[in-house]
Amino acid sequence: MTALTGKDIEFFGKITASMTHEFKNVLAIIKESAGLMEDITQIAPLSDGKHQEKFDNALKTVKNQLNRGMELSTVFNRFAHAPDKSTAEINLKDLAEQVVWLSERFARLKHITLKMAPDDQLDKAVSITGNPVWSQMAVYNGIECLLNQLPAESEISLASSNEAGEKGIRIDCKNVKTDGQQLFQAMEDSESWNNLKEILSAINGDVRRLERNPGVMLIFA
Amino acid sequence: MNKVKVLLVDDEVEFVSALAERLDIRDIEARVATDGEQALEMIETETFNVIVLDVIMPGISGLEVLKRINEKKIGTAVILLTGHGSTKEGLEGMRMGAFDYLMKPLDIDELISKMNEAIESKKT
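Those protein sequences? They're chains P and V, same order as listed.
In terms of my numbering, the first sequence opens at residue 1 and continues consecutively.
In terms of my numbering, the second sequence opens at residue 1 and continues consecutively.
Calculated from the structure, these hints are not laboratory results.
Bear in mind that the values here come from a model prediction, so they are computed numbers and not experimental data.
Please note: incorrect hints may appear among the correct ones.
[To be verified] With a straight-line Cα cutoff of 30 angstroms, these simulated DSS-like cross-link-like pairs (lysine-lysine) come out: (1) V/K88 <-> P/K124; (2) P/K7 <-> P/K60; (3) V/K114 <-> P/K7; (4) P/K14 <-> V/K5; (5) V/K88 <-> V/K67; (6) V/K5 <-> P/K63; (7) P/K60 <-> V/K88; (8) V/K88 <-> V/K123; (9) P/K167 <-> P/K177; (10) P/K50 <-> P/K7; (11) P/K14 <-> V/K67; (12) P/K63 <-> V/K72; (13) V/K88 <-> P/K85; (14) V/K114 <-> P/K63.
[What the hints assert, rightly or not] If you want the footprint, here are the derived chain V segments under chain P, 3+ residues with CB under 8 angstroms: (15) 9-15; (16) 21-33; (17) 99-111.
Quick reminder that beta carbons are idealized off the backbone N, C-alpha and C, glycines included.
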């Protein structure tokens, strides 16, 4: 099997984007139908109050899952459109948020919490010009490297950063049961480290250990 | 005040039917067209206060329907419905004279509020 080329990625992106639009249409139908059910029971509540409560709870679950589905499909749609341009302006906070969404399930399977840092601990405005697909790959691989080393119940948080001339994404880890140096060494010794370095090298980026906390800084420019 | 009458144009039958019923519950008369041709025929024979038009449909696209509505000079405000991949069409539609565009899935209160704004805009 050959490696993916630009054409392959373009094809995958085009089809996936189209499917996410269809998925949105499905969600729109479910949303309106659930809304109609809610409207009807508000006009004519079920005669048995206990059943009305169960109905309301079930409808609440449907609405919550609809919101989740909409957020997922929005993120997935953005992901699918990433190959549309080989170079684009990329806001690093948006990039981090996007990859957190895409990777959250992998973290959950390892009982690791993956999230964005609070707004007051990140730079909302910092952006770079780069390749959207490779930038997402770099952040994903950074997270994957950590997921392969961190114990269950640990926590990973991402923050866009623009300090001392370094534009990048800081990945902090908590509850890691080891110190930053040991964690970084374990990452460097892992197979996924080579992937990360290769991807970062292709986009003129780099990775370094955080000075104070366990974690890494992905440098994009 | 006369009851608001809206034409909903969308090829997703279940979506547009449920939306029409929800608007009806809110005392808004909603008529449905499931493609551009049907919408244009209905505009010939009925008067609407506002038209809610999906931009991506099989057959005549929403933007083409908008263009033909403009040519008819019926003075009815148009709100476009877009998906995340079709915001470009939504903006293009606004350049062509649509009042605004909303993304699907919709928030019904936002739709009604936008419909009222669109109707008001045609009165001034």
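Hints versus structure:
Of the pairs offered as hints, the one joining V/K88 and P/K124 holds, with about 25 angstroms between alpha carbons and a cut-off of 30 angstroms not exceeded. Under the criterion of a C-alpha separation no larger than 30 angstroms, the hint pairing P/K7 with P/K60 is inconsistent with the structure, at around 43 angstroms. Among the hinted pairs, V/K114 with P/K7 is inconsistent with the structure: their alpha-carbon atoms are about 41 angstroms apart, more than 30 angstroms. The suggested pairing of P/K14 with V/K5 is violated, with an alpha-carbon distance near 38 angstroms, which exceeds 30 angstroms.
Our distance criterion of 30 angstroms between C-alpha atoms is met by V/K88 and V/K67, whose separation comes to about 16 angstroms. With a C-alpha separation of about 28 angstroms, the suggested pairing of V/K5 with P/K63 holds against the 30 angstroms cut-off. Straight-line distance between C-alpha atoms of P/K60 and V/K88 comes to about 33 angstroms, which puts the hinted pair past the 30 angstroms bound. A C-alpha spacing of about 28 angstroms is found between V/K88 and V/K123, which places the hinted pair at or below 30 angstroms, so the restraint holds.
With a CA separation close to 29 angstroms, the supplied pair P/K167 and P/K177 stays within the 30 angstroms bound. The suggested pairing of P/K50 with P/K7 is violated, with an alpha-carbon distance near 57 angstroms, which exceeds 30 angstroms. Restraint check: the Cα-Cα separation between P/K14 and V/K67 comes to about 28 angstroms, which is no more than 30 angstroms; the hinted pair holds. Among the hinted pairs, P/K63 with V/K72 is inconsistent with the structure: their alpha-carbon atoms are about 40 angstroms apart, more than 30 angstroms.
A C-alpha spacing of about 16 angstroms is found between V/K88 and P/K85, which places the hinted pair at or below 30 angstroms, so the restraint holds. Note on V/K114 and P/K63: the hinted pairing holds, with a Cα-Cα distance of about 23 angstroms set against a maximum of 30 angstroms. Check on the region 9-15 of chain V: 3 of its residues sit with their Cβ under 8 angstroms from a Cβ of chain P, so the three-residue criterion for coverage holds. Coverage of the region 21-33 of chain V by chain P holds [criterion: at least 3 residues with CB-CB distance below 8 angstroms; count 3].
Counting residues of the region 99-111 of chain V whose beta carbon lies closer than 8 angstroms to any beta carbon of chain P gives 4, which meets the minimum of three for the stated coverage.
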